Amino acid sequence: MLAAGERAAPLGMLTLTAPLVSGAHILRPILDAFLDTQPAVTARLLLLDRPVNLLDEGIDVALRIAHLPDSSLVAIRLGEVRKVVCASPAYLASRPPLSEPRDLAAHACIAMTQFGQDSWSFPPAQGSHAPRHVRLAPRLLVNGVEAAVASAVEGHGVTRVFSYQVAEEVRAGRLVVLLPEAEPPPLPVHLIAPEGRLSVPKVRAFVDFAVPKLKARFAQLGKLVPR
25 MLAAGERAAP
35 LGMLTLTAPL
45 VSGAHILRPI
55 LDAFLDTQPA
65 VTARLLLLDR
75 PVNLLDEGID
85 VALRIAHLPD
95 SSLVAIRLGE
105 VRKVVCASPA
115 YLASRPPLSE
125 PRDLAAHACI
135 AMTQFGQDSW
145 SFPPAQGSHA
155 PRHVRLAPRL
165 LVNGVEAAVA
175 SAVEGHGVTR
185 VFSYQVAEEV
195 RAGRLVVLLP
205 EAEPPPLPVH
215 LIAPEGRLSV
225 PKVRAFVDFA
235 VPKLKARFAQ
245 LGKLVPR
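All residue numbers for the sequence shown refer to this note's numbering, where the first residue is 25 and numbers rise by one.
For the record, the hints were derived by calculation from the structure and aren't laboratory data. This one's a predicted model, so the numbers in the text were calculated from it and none came from an experiment. Hints are supplied without guarantee of correctness; some may be wrong.
[Stated by the list, open to error] 27 Å max Cα-Cα, derived DSSO-like pairs, lysine-lysine: (1) Lys107 - Lys247; (2) Lys107 - Lys239; (3) Lys237 - Lys247; (4) Lys237 - Lys107.
Work out the full structure: start from the sequences and follow the hints.
This is how it looks when you write it as structure tokens:
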């Protein structure tokens, strides 16, 4: 049941969740800009790299990068992101060529626990129906993307992350995208909310404010990481 003030105008605490990197660098600036326009709204932003039950945890809005299961959640598509393999030019200059996934076995790999610490999977090669799995012996295993990206930028190995997480490094020439023909299909990005929450003024106001900006930002970041 809505409080009387919530029926009339955006008011009260808005609770959001997002993955760590996209939440901190993409959603958070847009949330700050929204709060500047809504003095009666406050916000709580939970940055979590784990699944969240929106109803159980009292979440109004979530940013999700994944294929969504069928549910009663309201989902607004914002764009898509790719899972890319990348390394620095300095690292690549001193290592064997990397032209297909199996070549990774001869390289120093920087793996993340959430993307596979023992192996990386790739779609089937042309003319095949069997997915390709490359066994890894990572030189560095981390549970945070920023550490993996920094290590790759500094020339310590090859890593695999989402395209938006390295867009600026690729644009600046600090990283090079590898094996684009072996990338898996892109993952969709959505803003989601529990059924009925969009009728709450603070939630509707945020969604109306944020969706066009998020769509533009994900499109911009996608252009910075060419195939």
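Can the restraint linking Lys107 and Lys247 be considered satisfied, given a maximum Cα separation of 27 Å?
Given pair Lys107, Lys247 holds - Cα atoms ~14 Å apart, limit 27 Å.
For the pair we were handed, Lys237 and Lys107, check the Cα-Cα distance against 27 Å.
Roughly 22 Å between the alpha carbons, so the hint for Lys237 and Lys107 holds.
Is Lys107 within 27 Å of Lys239, Cα to Cα?
Roughly 18 Å separates the two Cα atoms, so the pair holds.
Tell me if the straight-line CA distance from Lys237 to Lys247 falls inside 27 Å.
16 Å, holds
In summary, the structure agrees with every hint in the numbered list given earlier.
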